[in-house]
Structures are given as structure tokens and as C-alpha cells.
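*Asks:* With the hints as constraints, model all of the structure from the sequences given.
Protein chains: 6
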Amino acid sequence: MSTPEDTPPRFSGIRTFARRPHTDELDGVDVAVVGVPYDGGTSFRPGARFGPEAIRSVSVLLRDYDQAIDVDVLGSLEIVDRGDVWAPPGDSEGAVAALADGLKPVPEAGAVPLVLGGDHLIALAELRALAAAHGPPALVLLDSHADTWDSYGGQRYFHGTPFRRAVEEGVVDPSRSVMAGMKGPIYSKQDLEDARELGFELIPWKELRELSPEQYADRVRSRVGDGPAFLSFDVDFVDPAFAPATGTPEAGGPSSAEALDLVRSLTGIDFRGFDVVELSPPYDPPGQPTAILASNVAYAMLGLVARART
Amino acid sequence: MSTPEDTPPRFSGIRTFARRPHTDELDGVDVAVVGVPYDGGTSFRPGARFGPEAIRSVSVLLRDYDQAIDVDVLGSLEIVDRGDVWAPPGDSEGAVAALADGLKPVPEAGAVPLVLGGDHLIALAELRALAAAHGPPALVLLDSHADTWDSYGGQRYFHGTPFRRAVEEGVVDPSRSVMAGMKGPIYSKQDLEDARELGFELIPWKELRELSPEQYADRVRSRVGDGPAFLSFDVDFVDPAFAPATGTPEAGGPSSAEALDLVRSLTGIDFRGFDVVELSPPYDPPGQPTAILASNVAYAMLGLVARART
Amino acid sequence: MSTPEDTPPRFSGIRTFARRPHTDELDGVDVAVVGVPYDGGTSFRPGARFGPEAIRSVSVLLRDYDQAIDVDVLGSLEIVDRGDVWAPPGDSEGAVAALADGLKPVPEAGAVPLVLGGDHLIALAELRALAAAHGPPALVLLDSHADTWDSYGGQRYFHGTPFRRAVEEGVVDPSRSVMAGMKGPIYSKQDLEDARELGFELIPWKELRELSPEQYADRVRSRVGDGPAFLSFDVDFVDPAFAPATGTPEAGGPSSAEALDLVRSLTGIDFRGFDVVELSPPYDPPGQPTAILASNVAYAMLGLVARART
Amino acid sequence: MSTPEDTPPRFSGIRTFARRPHTDELDGVDVAVVGVPYDGGTSFRPGARFGPEAIRSVSVLLRDYDQAIDVDVLGSLEIVDRGDVWAPPGDSEGAVAALADGLKPVPEAGAVPLVLGGDHLIALAELRALAAAHGPPALVLLDSHADTWDSYGGQRYFHGTPFRRAVEEGVVDPSRSVMAGMKGPIYSKQDLEDARELGFELIPWKELRELSPEQYADRVRSRVGDGPAFLSFDVDFVDPAFAPATGTPEAGGPSSAEALDLVRSLTGIDFRGFDVVELSPPYDPPGQPTAILASNVAYAMLGLVARART
Amino acid sequence: MSTPEDTPPRFSGIRTFARRPHTDELDGVDVAVVGVPYDGGTSFRPGARFGPEAIRSVSVLLRDYDQAIDVDVLGSLEIVDRGDVWAPPGDSEGAVAALADGLKPVPEAGAVPLVLGGDHLIALAELRALAAAHGPPALVLLDSHADTWDSYGGQRYFHGTPFRRAVEEGVVDPSRSVMAGMKGPIYSKQDLEDARELGFELIPWKELRELSPEQYADRVRSRVGDGPAFLSFDVDFVDPAFAPATGTPEAGGPSSAEALDLVRSLTGIDFRGFDVVELSPPYDPPGQPTAILASNVAYAMLGLVARART
Amino acid sequence: MSTPEDTPPRFSGIRTFARRPHTDELDGVDVAVVGVPYDGGTSFRPGARFGPEAIRSVSVLLRDYDQAIDVDVLGSLEIVDRGDVWAPPGDSEGAVAALADGLKPVPEAGAVPLVLGGDHLIALAELRALAAAHGPPALVLLDSHADTWDSYGGQRYFHGTPFRRAVEEGVVDPSRSVMAGMKGPIYSKQDLEDARELGFELIPWKELRELSPEQYADRVRSRVGDGPAFLSFDVDFVDPAFAPATGTPEAGGPSSAEALDLVRSLTGIDFRGFDVVELSPPYDPPGQPTAILASNVAYAMLGLVARART
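As given, the protein sequences belong to chains A, B, C, D, E and F, one line each in that order.
My numbering applies: residue 1 is where the first sequence begins, and numbers increase by one.
My numbering applies: residue 1001 is where the second sequence begins, and numbers increase by one.
My numbering applies: residue 2001 is where the third sequence begins, and numbers increase by one.
My numbering applies: residue 3001 is where the fourth sequence begins, and numbers increase by one.
My numbering applies: residue 4001 is where the fifth sequence begins, and numbers increase by one.
My numbering applies: residue 5001 is where the sixth sequence begins, and numbers increase by one.
Don't read these hints as lab results, they were simulated from the structure.
Chain A regions said to be covered by chain E (calculated; three or more residues, Cβ under 8 Å): (1) 34–42; (2) 86–93; (3) 147–154.
Just some of the chain D residues that point at chain B, by a computed CB distance under 8 Å: (4) 3046; (5) 3047; (6) 3089; (7) 3091; (8) 3158.
Some but not every residue of chain A turned toward chain B, in silico, with C-beta under 8 Å: (9) 187; (10) 192; (11) 244; (12) 245; (13) 282.
Glycine included, C-beta positions come from ideal geometry on N, C-alpha and C.
*Replies:* Dropping the structure here:
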């Protein structure tokens, strides 16, 4: 049990996620936090390459016990900060391959990767790594966008395309997957239809906002079933007032409180991986509310693991 | 139908509203977007002169299809960006006259002006232009303030006075008008009484927040009737967390999602003009949430036209 | 009754709270606003020493009449801005003593102190000053944190410890006190238990959010009873989207509108003192939403006094 | 003699200029600091209405003794902060008249006004006030612009026109005046010629930068002679790296150190008034370098008075 | 000759470079301004994709006549804003090819391209376009870096490699080229040696700062000779105080004034193309000093053309 | 020899100073970088507690070879990042003791501490640690302030008092020390006299600016002699345009280039310790120019060690 007395002040120390040890060691590790500072697939505002640094910076505020779920989250799990897996920008197809290789050791060792993005293209690398270890997982997505375009100005590896690529590659199981939160202007009605035709279930924001967290979670659980799953949280899921620092914000979404409730509701699912993506720190105001939200979403994900393990 | 493949990247190109053509042509035009970069009537924080530029800058994120209302908004309307109608600061009375003259060609040609402000004084110029073409319209106002003062430190043409001037000039029909959203400290109880004595119906925020969007829209429709109407949205209508970049913010208001719902609810009204005003870009944080909200409010207004035309 | 015509523009003049006179005079004064620019007890982000300046700066927007409660707040009370009571940083124990001495003349003269913080440690000084004049008051706290740690890295006078010190010193009556709003990661389950063991009643945020303002107020009233009370508002009570400028933000909280409703609900209590604390202006975005909220919370507190006096 | 021991901390207290008393009293006053928060004459970025507040805010850093000139500046002069003289925006011609009236009592009482702007149009009001008391003064201007246009989009009272108006009105003596620092793109060669044709002497920046402060001062002294003079400092005189927070910045100018040297060099001139104008605080970065420079320029002006009086 | 009277206010209008017409027309055009919003080759801070928008935004301050060189720059040249040539990020090698194709029509038509970047990789595309029309030009580079690495983490098309690629491709003539301004920590002494071995002449900052602009220009002229040349200005050439908004800033460099002098000194060279690159607007403070400097550098380049043509 | 090819991208990885290993190991270490995130002694703007994090964040840009001095700085020294030595705020006297204890192991092991502050009070802790290992060192100070006050509002341990305390404690040798750079308004002439009376030699900025770096270095060397020395760099030494992010900025100082030249000039002195202090990151604009300067000053200090060791 940690206390304010025996803990160095929050403003001190080399920044690792939630002050967990920085190590490559995976033995006995429950969750390995990995930064993936890649933003080469961004269609509007870049900067997500600094997402891992920003989340680590404010994650010093994360203490052991989550009163929202009454669980000693940090105390009940072995968590390490594995540092970053990286690829230079300039070749997104190559980058996805390199990032997947960099991520694979984590699920192979039986640890759960909690990835700090980076733009959403990195989810393709994550899915490759998870599928290699566990078979294609269900995708549970909270996002303003379905990210199932085929290409963007000729680019097939882009932050709007990872889940189409993942279906094509067989590294995700769309028949067990639920995408929720789609909002904002889209190219055409076909955008969302395309996602459905790929096999995904969609709960757009105008439908999701009518559900309680429990109703949402029931719907997800019934679709995902007992197989392995992957939870991906794009910070543009929430309203820009709560997450201004993101690449493609869409006005009129949920609050941080609503978003955290949705994440926390997802108990009883066999999550083998998580990510929080699309935080672009140069667009955060000085109080860094987006980074703080992102760190709390990651913490809520840890809470899901802690509840599953206890 | 537009697609991500055949569209230049969102970060490229000369900025016009929603990437519509920049032209003075009005033939066959449904909606003409016009910037009015005037902030000479501002009582606290200036800067709204840069509102049109900021809205155009982020409006590149507006795509054709609005999934919130299931309408191909940009695809079903002829929309142009007419550039700016301007007047130098320093003589607000003269400026209103010049701006009204600059705006008149749009309603005269049968196009609907969608004005990007500028401070709220410009609404007087808009009402003059609309009244000249269509007779005095009903005003549908979403705003923290009724803007019906008589003068401010001796100034009769000010962003707190346009709707009193409009009544005096006979360019608005208060008997068919609804002002909603008033909140925040006021000079005295008389402030709101004055607006009512001029003939306006008021739904202050503490009353509005108890209404569903449908209830609000019913009330507006029953008051406005079949005649021409004008919808004016002051970004200070929402809470400062959602619209920090405005001249006279008032704490404790609605969210962006609530505001967009209210705008979208106003179907079945014969709107001949729209504006989004009081965005002051120097006060937006780096992610520009206020500008993004303003661009989406303008887009929701386009949606009202699209639904009326189809 | 003030009007926009007879009032200097909001952007002019030396900044005092709500443009009240700057004086040490206490005769006939209902409420004395006092800045306490102390942030020597801050565990994460400092800067609250500039809180009083920032609140005064934006408080020019506060006009006389509060339409939310239909009361002429500024017109019905004698309010002065007493300037700042200060202590240099570097010796928090000594500072609390000095601040308490500086604050005592206000309650002694029968005026209600409305303190602009400063970090939350200053509440200990306020409680000492109030208790000296009126006996130990009940504490009504709206805060993400209970601030009842024993020490922090060896420091017993810290912004996380004032209410434990106050109990030890007998300057607060925990048996009549209600702390509400606790949220976010804590060191251990014991953090909140400790507060309860000291005698405080706690309504954590996950419980509070299920209550209406009236239910909350009833619960507070029944606990506080008729004795003197003190209302303390830590701006980190609200979500970081609404109050990004604070020392230890916690994601996922109430909105400004919800917070103001809770403050306004607390009628019928004999408040002898108020504070708004933990505003750290360097972390406010350019539109200063946190300072604006803080000034409106202070104004809502004035409203409570006005309603009690009329 | 003040000391760090007997002075309240710099972060405390109601903000007045350099912590001088806020009073309307002029008896025995050497210098009266007056804010003129007017920015209704601004051609590009507004915001100078918040200039007086910002300068006062950081002027707490100004201590008594100026080591640059070895003079106890604050200790040797009676200085008061007279608060603000204001006019609402919206009628610049009327505003100049109102501001001149508001300023006149200062020179009439024999005190030297040190005006904190506001945009440069206010200089016309200052010159009227000075000329009424002392006859038309010489203008000593440090500015990127000569501000002698005839009109701007039809506006004759604008921040680019005050010195032409002043010549027309006979409230400045161009034959004894020196404008220095002109740089940046201009409309045509005629811009500067116009200023010369009005009778002003010009030292554009490309010529000024070749002069030592002493050479510059000699040139000014020989032109100004023994008559009354007015020193006006537009913060856009320096490079935007040193003064980013201004309405019409021009790249490639002097540093703060160079600018302060020039101001300090102007000994031996009978200055009857001073101003520092065109600080637009919304455009200052968080450390407020422009406001800090402006406050130090004002302090250097006080130093000129102190040296003249001792 | 333009005047302040017949020109719309600087804050109005759709933003094109220096308010030049937006057109694809090249007949009779002297200079075609082209934005290249590509930042897919950035090694540290991205964001240069918004460089063209930011430069256009503040370029409204550029007026016709440059008093620094006594030339009517805008009045003596036919200048158009051709909009942007773009490529999606994610494939830098492909992007360079696409950008080169997009740029080629300008030199082919005999117009001089003035490119607004974008990161420095785009210089390779520019050199290809220029070489195709005119043969390999001399490179005149003002930059903190030589940008002649071979690869970066495996990427051969990167903002640190364009000039090596250009030599390999034969689209630059290093024997007539001068790189100046190199400063800051480098990987090894070999970094600069590599550039020299490729055939470039280098004038590192510690050498350049000892030269007058005339001495620098003489050295450049004697090396470049009469053949075609290309002038590339990376904003990181100046000190971060003057250009904080750039991808890889290096402390301790020249001022804006010094940089502009150097650019202006380069008369008598047959420049067939120009660029200003590496402005990353998300890192500019609110007054946008870097964008303002970049727009003035571009204006100084236009001045070189104007002087050559007159 | 490092290369861009074999180095992870600058935006990746857990942030340690210049990417040196994070370890407590001191065997064979030449320089141990230590963060001291203490700002409890700050008289105006706090925030220096985040100085170490900010310097580490941007220090990823520091590469091995310093072309300014032609030395492979990182390649020729064993440098470690020892993390932070901390004390909670609230008891500055106790904090200095704790910090001194935390720092002592470095000089005891024969390594040179390079401390990243923190406010300037921490220099007292550093001097205690150095004196314990090596005897009282000479102080070489570059700072706008002499920091030799006796107390501030009763506080004897403050960022304006460390060097008086150090003299009293005998942990500095004033007779071999040189303080340079004093500028800005001071309390009285006595401020600087006090420093001289304590035995320090002072070179105020108005004198220093007339010296070449070599002349300055000669003067320092002749005073310091062969004994151990300590070099302390307060970022407020430079002009606020170059270092806006500091607690007590003073307008009108040197540039970054001038400051780096001065640091680099100090060869031939037996420095046993270094610090860079008073960086307050909340006041840095988004491009973080102050942090970048601070990291380069630290790098220049490493260069002094490298030159001494080779």
C-alpha cells in the first residue's frame, strides 16, 4: 500500500508510465506499457509522436487505488514501462511491419500490451502482434471514426485505414467486434456501410448516447464472447472540449466522465491488448487535459485487467 | 459522392469554407457563406475580426455527409464562399450601414447568407439585408445574452444592442421571434424584461435546459410560423469549456452536443439567413475547439437548408 | 440598479473583485473578499499564488443581478475587496499562522470572508480565523480530494493535509461537515477511510453524481444544522475540461453547470466564510475558463449570502 | 529605501503600476500613470485595450533603483496610478475627444502623464491634452511606422493616422519632432515622404541602426531644443521576437536592450508626457515578454524624469 | 501604387500569399508562390504541413514597397498564389516524385517558384523541377543543418537527406553551391565533412557570424557564378527566440534582422527558385513571430527578383 | 561515433538528459546529471520544479559532437542521468539540508554534478555538497541577480539569498568568485554593494556587455585561480525574448548566442560542479525556447569538462 508519506513528490523523477519500472523484462509481467511514437499516418494534425511522452509526463498523478472501481490497480498487477517501439516516418507500410515486430515479444511472453500512441495506424501493428500470439482478436473500438477507408490520396497505410487492412490480413475478427462512437461529417453514407460490410458491428454516437454503460457493455460482451479481445480508445471519441489535442477532432461528443464509464463497464472480456491513441500534445492547452484524460483511460484499462485477475 | 481517395488532404489548399469555391457568383447558389470580420462593437475581449479566417481554417474537416441527420449536406446544395464583407473599425454606425450594403446582394439573389462573424453587432446589418429582400424576419437566437441594451457608455451601435436597433428599424419581427439561452450575471432584472417589452419571447438557459430539443423546436416553430426567419448563434451560448474563445463568456452553460442538437432540431422553419458570431480566435487554445464548434454549427445550419430543399 | 450605460467598459479600470472598492474598512461590510496568494503547499503544479489576480481580472464580467437565482447580488450586499493577505513561501507552518492572523479581523468584525486562493492549505488558516470568532464551523467541501493526509514527504502543512490539521486543532467540527466530490486515483482505500475516521461525512463523486442538487443540499443541511459553516470550493472538483488550470486535476468530473447548481443549492445554511482555491493561472488556456468559473463560483457564494440576508 | 524584507511579495496585492498608490490626487505628483484601454483604431490585431492591465500586472517586478542609470527612480519621484481614462469602441473620433478630456487634468496640474495604451490613436488625445497645457510639444517617436496616413478604408481616426491629425490640429510641432525606427513593407515610397512633407524628421530603422544611442540622442536634442516634448514608444519598434504581442509587427528590428538604450539616452529634453502603446496582451506568450518590456520602457521614461528632477 | 485608403483591411479576405490572386495561370507570371504542405520527412517536431497556411495568414501584412531596399516589390512583379502542391504522408519517396511533378509546370513556364514549406525534404522535389527546366542549379542554403545525411533510421528520403539525394540525382550543382549557418550539436565531425565531400562549400555559423552581409554575398556570388541558382531558407537558421516554431531548433543563432540582411544581400544571382521551409505553426506562440519572419523572408526573396528585373 | 542511421529517432524513448543512461552508479562517471525539482524559494513565478523534466524532454536534440568547440562531447565523457534529488516544498531550510545530503555522493565519488534546477536556492545545497568534498569552491555566476539578500519577507532561505548563506556557512570562497550579468531594477544601490561587501566581484551587465568573451574569461580565470570552482547559470541572465520561461525576468539582456559564448569561454578553470537554474516550463511558449537554451547551456558545460579532460 502506497502512501503520500513514502512516495517521492509527483513532480520528481524520470517519467515512466505511472512511475512503473522501465525495463525490457517480461517475466511475471501482467501488463507492459509500450509507447509507439508514430504519426506518419495522420491526415490532418500531426504530433501524436509525442503522445507517449505526454502521457508518461502526467501519469505521475496516477496513484495505486482506483476508487471508481474499488480496486488497488497498481498494487495488484505487475506493470512495467517497456519504453518505446519506434519506426521513422516516411514509409508507413514499412513502419507497420517494424512496429509489429517490436510489439510481438509482449503478447508472446503472455503479457498484456498497453500501447500509448501514436496515430491510429499503429493499431494494425498491434493487431498483427496480438493475432500472432493469440489468433485474431475481437476489436472493441471507441472512436469518432471507423477507420476502415481503403486508402487516402493513394496511401493504403494510413490512420483512417487500419481496420480494413486488419480484416484483409485476418488479424482481427470483425464478427466479434464492436465499433462505437462514430460522429461528425463523413465522406458519404458509404463510409459507415463499408465498415459494416467488412463485418464490424457499429454503434454510432447518436445511438450510443442513448445507452447506459451497462447496456453498452452487455452488447459488447454478447458480441465479443469468450475469445481474445483488443480495446482501442481514440481520444477523438470524446468532445473536443475534453480532448482538444487530437488529429481529427469532431464536435459534439461525450464527456470524459461518460467515456471513462464506458471503458470501466467492459468487465468480463478477455482483453489481450489495449491502446490509447491520437493524442497530439502540441494541440493540448497548458493544463494538458487531453493527456490527463488519456492517462486515466489507460488506468481504467489497467483496472479491467486488475478486476479480471482478482 | 466524395471519398477519401479523390480528395486532397485536409491540410492542403487555400482555405475557403468547407472547401467550397470562392466566387462572387450567385446564380443557382443555395447558400453563400460570407465572412464579416468586424469586431468594433465588442464590450470585453475583441478578436472576432479573425473569426471568419479561423472558421474557414478548420472547416476543411467538414465532409459532405452529416451522419447526425443522414443527409448529404454538401452534395445536395450549391454552396459558395463569397469571401468577406468588411468595414474598418472606428465608426460602428457607419460600419453597420456598409456591411448591410455588402450583404444585400445575397438575399436579393435568392441565396441564403450564412455569415461568419464578427461580433454580434453585425446581426443588425444582416437583418437589414434580409428585411430588404424578404420583409422583417423572425429572429431565432441562441445566445447567453439578449443583446437588447439601448446603449453602452453612449454607444448605440454595439454588440449588446443590435436587436433593439433592429426592432426600432423594423427589420426584425419580434412577435415571431424566440431568444433562448440567456445566462450569467446581468445588470438588473430589467435587462431581460427589456427584451420582452420589445416583443421578444425569451427562454433563459435555466428554462431551456429543462426542454428537450424537440420541445424547444416545437416552441420555436409555433412562434415563428411560416414566415421568413433568421437563425443567429452566438458561440457564448455554450459553456466556456466548449467555447473559451469568445468575447463575453458566461460560465455554466450547455455542451457542444446539446447546442448542436438544438440547432439540428429547428426543421420546418423558413430560414432565409444564418450566422455564427462572437468567435474570437486569439482566445482559442491550440486545438481550436471553439472554431471547430463554430464550423460545425454552420454545418448544422447547412443541414437545415439541405433538409428543407430535399 | 446598474446599467450598461452608466458603467465603465468591462475592460477598463484597476482590477478588484467584481469592481468592489479596495479598502481595509470593515464597518457595515457584509462580505470582504480577500486574496491569499499562497501556493507553498502544492504537491504537483504550483501557480495558485496568481489565483487572486486572475479571478479579479475576469471578475469584471460579474454584473449585479444573478438571473440564476433572481437576486440582485451585488446591489443587496456591502462587499469590499480587502486586497491580499500574504506570506512568503518557504515555511508553510509559519505561513498558516501568518495568514490566520491576517484573516482574523474579517470574522471578528462580523463580515464574511470570501477568500480567493491560493492552494488548499490556506483553508487551515481560514478555519483558524473563523473558529476564533465563531467557534469551530462545519466544513462543506466540494473537492476531488479529502485533503486529510497526515503528511507528504515529511511535510505536515501541505495542501493535502489542512483538514486533518484542522480537526487536530479543533478549528473545524467534522461531525457537522460534509466533503463531496472525491474522485480519481488515490494512494489506497485508506485515504477516504481516514477522512471518515476523523469524523467527516464523505460523498464521493460516484455517489454525488447520482444526487440532484436538492438531494445534495438536503443532506448537507441535515448534517450541518444551524451552527456556523464554511464552504470551500476546490476548482479541481470539476472536470479538467472545465478547470484545466489547477494543481492536481482528476479526469472525469462534473461540469461547471453542475458545480454551480450544487453551490447555489446550499441555501439555509449559516455560512460564515467561503473560499475558492487551487486555481493555477499559468495552466489556464488563453480564454481563462478556469478563472471565469472560479469567479462565478465566488459570485454564487455571494448569492447565498444575499439570499440569507434578504 | 526599499528592501526585500519590508516589501510584500511581488505576487501579492491589487495591481497598480509599480505598486504606486491608486488615486486621482494630483497635488505634488510628479508623474501620473494613466491607462488608456482603447483599441478601436487598430488595423490588424486588436487587444491593446488590455494593455494597461498587462503592464500593471508585470510592473510589480519594477523595484525602486535603476542600476542602468544609477538613479533611485521610484524613491525620487511622486508617482501615482490614476487608473484608466476610457471610451467605448465604436466611434473613434468621439473617443479621441473623450480621452483628451479625460487626460487634460494631468498636465493642467503640472504632472507628467505616463500613458499605458491602448493603440496609437490615443496619442492624438494625449497631444491635445499636452498642447492645451503647454502648447504643441515636439514628438519623439520610436515606432516601426510613422502613423501619418490620411485615412484607412475611410476612417480618419485610426492608429495609422494620429500624427497627421495632430499636425492638422496644431497640437504637435513637427519642426521640432523626430520619428525613428520605421521598417517593414509600406504601401509606397510616399508613405514616408508624406511624414516628411508634414514637417517631421525621420530616421528609418536602416539608418537608426547605424547610430549609437548617443548619436541618436544628440540628433534628437538638437532638433527638439528647449521646448516641451512628448516621447511615444510603440512596442512594434522592436523585433517581434522581443515584442510579439502587438497589432502590426514588423520583422527584423532592434532588441529590447537596444530599445532601452535609446530611451535612456534621451536626457536633457523637457518631456511633458510619455506613452507606451500597442501592447496587445492576447498575443503575448505565457511569460509575457512584451508586457515586461513595455513596463521597463515605462520605467526608463520615469528614469528620464528622475534624472531631470535631480 | 497602393494606399491604405484603397486597400481592404488587413484582417479581411480569403488568405492568399500577400493577397496575390489565386490562380493556376502562369502566362506572364514572374513568380508563382506554391505551398507544399508536406512534413512526412521530419525527425523531431512535425507540423510543417501547416506552414503554407500560416505564412499566407500573416502575409496580409506584406505591403507593396520594401523600404529596406527601396523597391516597389509587389508593384513591379506579376505574382500569383498557385495554391498547394501536395502528397499524403506515409511514403516519402513517392511524395517527392509527386511533388516534383506538381512543381514542374512553374519553371517550365518560365516563372520562378517561391515555395512555402513543408519540411526540407521538399527541396529535393524543387531541385528536380528546377533542374528539369534549367539544368542543375547552384544551391544557396541558409540553414542550421547541411541536410546531407545518407539516411535516418533506414529512411533515405528524409528532411536531413535532400541534398545528398540531389547530388546523387544530379539535380544540384554542388560545385557552385554554398551552405551557410550550420550550428548546434551534430552526430560527429563527419556530418559536415560529408557535405564538403559531396562538393558543397560550407560556411558554418561560427564563421558566418564574422562576415558582413556584403562579404557573405561576395563569397556566394563568386562561387555561384552566372548559372541558375536556388535559394533555400530553413527557418531554423535563426535563433529559436526568433523562430521557435520549427522542427529541429538549435540555440544560439542569428537574429531576424541579421537573417534578412543576408537574404537581401544576395543580389546579382540568377535565382530560378526559392523556398522558405520548416515552419511548424503548432509551435509558434500566439503572436506567430516565426510565421511573420518566414513571410518576410519570402518577401525579401521577391525583392531579389524585383531588383533583378528592374 | 554516433550517426543518424544507428540512433533511434529523437522523438522516441524515455527522456533522460541527452539520452544518457539513468543510473545511480558513479564508478567511472565523469559527469552525473541530477535534477533538483525544487521551487519553494521563488519570489514571483513558480514552476521551476518542472525544470528538470523540461530540459530532459528537449535534450534529446543534443548530439555527440559540438561543432562550436570542435569536441566530441558526449563521446569523450562518461555521463549518467542520476534522476532527481528532491524535497517537498513547505520548509526551505529543511529542503536545502535534504538536497545537500542527496547531492553529496556525486562529488564524493569524484564525479562532477551537473544540476538541472529548480530555483536558485538549490545552489546553496550544491555548494554545501561541493565544499564537503573539495573545500569551498569559487562561484562563477551568470545571472541577472546577485542573490545575496539577507531575507525576503522574513524568509532566510529563498532564491534571492543563497550566496549570502553560502558565505556565512563558508561553503563558497567569495574572494575567488565572479558574479556577472546583474541588470534590471533593484531595491537600492545597496543590493549590489551588499554582494561586494560579502567579498564577491561583480560585473554588472552594463559592464559585461562591453567585454568580449575572451576578456570576460580572462577576468574570471585571474580571479578564480587554480582552485575548485562552481559555474551557475540562471536562465534569467539572458533577455526574456530568449528565456521567457523564468521566475523573475529582467528586460534588456544578452542573447542566447552571447550567453553560450560566455559559457564556452571559461576554459582552463577547475570546475567541480555546474547548474542551470530558474527554468519555469509553464511560462515557456510551445516551442520551448527557454528549455532548449537551458539544455544547450548544460551541453556547453559538458564541453568545458570534455576540453579539460582531453
